[in-house]
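**Student:** Here are the chains, one letter per residue:
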Amino acid sequence: MDKLLRSNVSRLLKKLSEHAEIYAPTMEDGVCVLSKLVNNYDDWTLDYVRTTNSVKDIFFPQNEEIMRYKNANNDLNIEPPKPFKERVAFGVRPCDAAAMLLLDNVFLEGEFYDSYYKERREKGALITIACEKPDQYCFCTSFHSSPGATEGSDIVLYPADDYFLVVAVTDKGKKLIKANAEIFENATEKSGIVENYKSMKTPIGNNCSPGELNEKLKNEFDNPYWKKIARRCLGCGNCTFVCPTCHCFAVCDVARGCDGKRTRTWDSCKFQDFFLMAGDHNPRPTQVERTRQRFMHKLNYFKEKYDKYQCVGCGRCVEKCPVGVHIADVITHMKEEL
Amino acid sequence: MCSSHNQLVPKVATIKKIAEETSSGDVKTFYVEFDCPKERAEFNNMPGQCAMISVLGVGESMISITSSPTRPDPLEFSIKKMGKVTSALHDFAEGQKIGIRGPYGNNFPADEWIGKDLVFIGGGIGLAPLRSVINYCIDKKESYGSITIIYGSRSPSDLCFKEEIFENWPSVEGVKVHLAVDKIEEGEQWDKSIGFVPQYLEQISPSPDNAIAITCGPPIMIKYVLESLEKLKFKDEQIITTLELKMQCGVGYCGRCNIGDKYVCIDGPVFSYKQIKEMPQEF
Amino acid sequence: MSVEFKPNIICFACNWCSYTGADMAGTSRMKYPATIRIIRVPCSGRVNPTFVMKAYQKGADGVLIAGCHPGDCHYNSGNYFAKRRFLLATRFMTFLGIDEKRLRMEWISAAEGVKFARVMREFSETISKLGPNLRAREEA
Amino acid sequence: MMNMTEKMLEQIRDLFEKKNIKLFIGFEKGFEKFSRIPAFAENYDEAKSMIIDEFETPLLAKYLIRELGEVGAGAVEKSERVGILTRGCDYLSIRRLVVDNIILRENLVIIGIPCNGLIDPKKANKLLGEEAQEITVDEKIVLAKGEIKSREINKEEILLDRCKKCIMSKVEESDILLEENMDDMEVSKDYSAVEEIEKLTTEERYEFWRRQFDRCIRCFACRDACTACNCRKCIFDITEPEMLEKTVATSEQFMFHFIRAFHVAGRCTACGECEKVCPVDIPLGLLNGKFKKDIELLFDVDEAGIPAEIEPLGEFKLDDPVEW
Chain R
-1 MDKLLRSNVS RLLKKLSEHA EIYAPTMEDG VCVLSKLVNN YDDWTLDYVR TTNSVKDIFF
59 PQNEEIMRYK NANNDLNIEP PKPFKERVAF GVRPCDAAAM LLLDNVFLEG EFYDSYYKER
119 REKGALITIA CEKPDQYCFC TSFHSSPGAT EGSDIVLYPA DDYFLVVAVT DKGKKLIKAN
179 AEIFENATEK SGIVENYKSM KTPIGNNCSP GELNEKLKNE FDNPYWKKIA RRCLGCGNCT
239 FVCPTCHCFA VCDVARGCDG KRTRTWDSCK FQDFFLMAGD HNPRPTQVER TRQRFMHKLN
299 YFKEKYDKYQ CVGCGRCVEK CPVGVHIADV ITHMKEEL
Chain V
18 MCSSHNQLVP KVATIKKIAE ETSSGDVKTF YVEFDCPKER AEFNNMPGQC AMISVLGVGE
78 SMISITSSPT RPDPLEFSIK KMGKVTSALH DFAEGQKIGI RGPYGNNFPA DEWIGKDLVF
138 IGGGIGLAPL RSVINYCIDK KESYGSITII YGSRSPSDLC FKEEIFENWP SVEGVKVHLA
198 VDKIEEGEQW DKSIGFVPQY LEQISPSPDN AIAITCGPPI MIKYVLESLE KLKFKDEQII
258 TTLELKMQCG VGYCGRCNIG DKYVCIDGPV FSYKQIKEMP QEF
Chain Y
12 MSVEFKPNII CFACNWCSYT GADMAGTSRM KYPATIRIIR VPCSGRVNPT FVMKAYQKGA
72 DGVLIAGCHP GDCHYNSGNY FAKRRFLLAT RFMTFLGIDE KRLRMEWISA AEGVKFARVM
132 REFSETISKL GPNLRAREEA
Chain C
3 MMNMTEKMLE QIRDLFEKKN IKLFIGFEKG FEKFSRIPAF AENYDEAKSM IIDEFETPLL
63 AKYLIRELGE VGAGAVEKSE RVGILTRGCD YLSIRRLVVD NIILRENLVI IGIPCNGLID
123 PKKANKLLGE EAQEITVDEK IVLAKGEIKS REINKEEILL DRCKKCIMSK VEESDILLEE
183 NMDDMEVSKD YSAVEEIEKL TTEERYEFWR RQFDRCIRCF ACRDACTACN CRKCIFDITE
243 PEMLEKTVAT SEQFMFHFIR AFHVAGRCTA CGECEKVCPV DIPLGLLNGK FKKDIELLFD
303 VDEAGIPAEI EPLGEFKLDD PVEW
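Residue numbers (this note's numbering), protein chains in the order written: chain R, -1 to 336; chain V, 18 to 300; chain Y, 12 to 151; chain C, 3 to 326.
Hint data in this document are derived by calculation from the structure and do not stem from the laboratory. All values reported here derive from a predicted model rather than from experimental measurement. There may be inaccurate statements among the hints.
Said to hold, decoys possible - Partner residues are not named here, just some residues of chain V that face chain R (Cβ under 8 angstroms, in silico):
no. : residue
1   : Gln24
2   : Val26
3   : Pro27
4   : Lys114
5   : Pro126
6   : Lys157
7   : Gly212
8   : Phe213
9   : Gln216
10  : Cys266
11  : Gly269
12  : Asn275
13  : Asp278
Ideal placement from N, C-alpha and C gives every residue a C-beta, glycine not left out.
Let the hints inform the model, and build the full structure from the sequences given.
**Tutor:** Written as structure tokens, this is what we have:
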């Protein structure tokens, strides 16, 4: 087992930046965001429970160019984007790393894969830091994860006194450590640190573990509860945009004379116009249908399709929701009622 | 330029011909050819499948392929002027370039219908997706029993594919075409039926024995056609229809066409009535 | 190699006074810089501050709003409303970090061809000195 | 405060029994210990879970648009009434909707409650250093108990940000007043934060806002929570003409925040809800505050946050200043 001194992290990031873009949690106007470091490798922070934006940003950015085109004199030329750079995300939380596996299901499985996402994933590494202090919004343990879980990460760092215990999870992680061996040190202590993190409980705990809820929800399409929570919902896209597992997007064309580009941008099932079709037919016209769609997709449809719930318990949506629409509340309510 | 296996990047194609289908001009058929023959070869469409058509700078739209794979070139798309993309497309002239990607979605399971009688029920522009499978079945007529086509529209001028419904199809042995319009204007020439498609269907009353009914049209028409078919004792498995939702990626991850655990763009658009009954009812 | 900077200036001119003032300047063969593109609007009150932001976004280096003199508005009071609106808008844009000199409002009547040409010259000069506006402008 | 909850429930029962109202909007406990969320009751039984206390709550006025809007379209009967629990900030928002003709005053039954500022449990947690299990409020002193520690905190310290900028602590037009105001909260006009930004150079200001706006995820929570944003069809939802593209580039972010702030200029009631709901903590209050400050300064308005029949940008004076 290796260890990494906290004082060596900046050195590691700087070294990695020779080949890759580095993303790490930084404080920006009092908000902790996962942002790209350029020459400021000391700016990373440990003072956060969860970053405002999830690691989804790095592999499936809010805004990305799908292609450019030139259409002068009716000679249409379409250019796909240039290859992406290698990237390393440092300081990801275990829940976010687990969320990447859910996005993998969506974008890499099935008949079609998403080449943008695939390329980024292949060129990306996740260095996770286990959570020392989950807060009242955390419920990863309800989704078979824990503050010390390794799923989805390449390397997991477990904070100890003035260093991190380093666990390489994947081959990619092992190679990364090997290539930067001089920065890591041998850890001789054989302590229960890792186990402690893995068995740590979050405040909400696993009371809201959905279990077989998906089976029950199949018949709950017309449950009045949806109407109840939808009445409260303001219809902003907050919850879906901060969610590390939500993957809906819109495709937009931007034309400038004969040239232009096509981009894709996150979109939210909470928005009025999300399902609106040409001819003004809207299959989900009110907030009731759209709220139901969000929860049903996470707790039923996704499970049917990929055999996993589309939630990792990171707590972002519940922390950010202005009117207290709480997925754990939905789960516990539905479990009790059914 | 033949390149890119990227699913979201369209291939360049040229509009070879544009034909007006209706006298009001809101439906046009576009005859389209890929610029690169290799891309055409890779485009293995089956009847009922769709393609994403791009008007660069405006957007993309999922459009059903109207031509049958038994008559491969050129590809045909019959498009009604509805939203942003289709309106832009209607302004296009012959020779202009568009982007195409696909084919997407499932197809009409025509090979499972071998030996059966087929009843096609279409309304308005809903005949467009049916046309591919009708031509497919007509071209392989020896494999199928009788073919009944029931087609209606608002007025005689709104009928699409006039050459086929009046001449080509009725002239094939074993194919019957029944036409109806909702109403006619004074002075208009019309010697076929007047009335709505569902009632007309009940009037014709095709037998459900060893038959398959395939329907496509405006949602409200589909709803009543399904009721009529049930009255005629068609079983749920015998009824095939299509669903339509807003789509942006066509490959199953933009999340718009999600109904239950299905995505219309990859699991649809063709569903049996049995499948539809099992889905959450929001479309 | 330094290329001389030629600014893009958008002028929203009111149909009744300032646009006619521009005509006047034209028919009197007065010269003013070709860097200015005039957009005719029914009244200076028609100009939504969003138009100004949009202009900046699409590549304008300066925006000029020209309307009738106070009291002369064809619709009685459109220019008074415009004045209030742009008092706030200018201060607000400055607050966001866009140089206040890039937005200007002028009263030019139909007879003031000379003034029109002069204002255009002055404004074009100011903007030329300020250089291109890269703030709130969209990337290529 | 328990007392107040009981008083409220009594009033609600009264309102339902006299069949005056079809709906009552108040607050109930949320999933987390100290979260207070909007609650909707269509009869007295449903209202029993409602409470009044001093923890942070969202504004309720916005829901009136959904429940009572479309008056003009005839969707709501004139006799239909909705009861709503109202603090000063909510009252201004309600007045905003009434002045804008979105709802009619006669459709409302306002239960007014006095307010001395709400407390933000997150701040209490931070000061305590752990998650508080119990928070008791006694006038100006708050006692927060965690599992390990407990601490007395001055209420001022953990006051909700928006309450510090409160411009209206009373409910002037209430139908039922649960309690006379204890003591009037000091209403101070504090534009120091706005002035801080004004002092910067243009360059610095642009950098500041670019950094803030680039964080924006365009969730539209600021619009959706705002009562001044009450257009039937929001310009951001209109695709033709598309004033705002979906693309999230810096220039689009400037467009978005410019349009949002300008559309509420002179109509903003300074409730601070937009800032509070922002998931990425963009100081939207500064933008609204700048307009408020300028309006008061330039157009000689006493308090721009209080909705007037004619709003500052809907009128003019012949002697408005000239700055060009």
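**Student:** So, against the hints stated earlier in the document, which numbers end up violated here?
**Tutor:** 5, 6, 7, 8, 9
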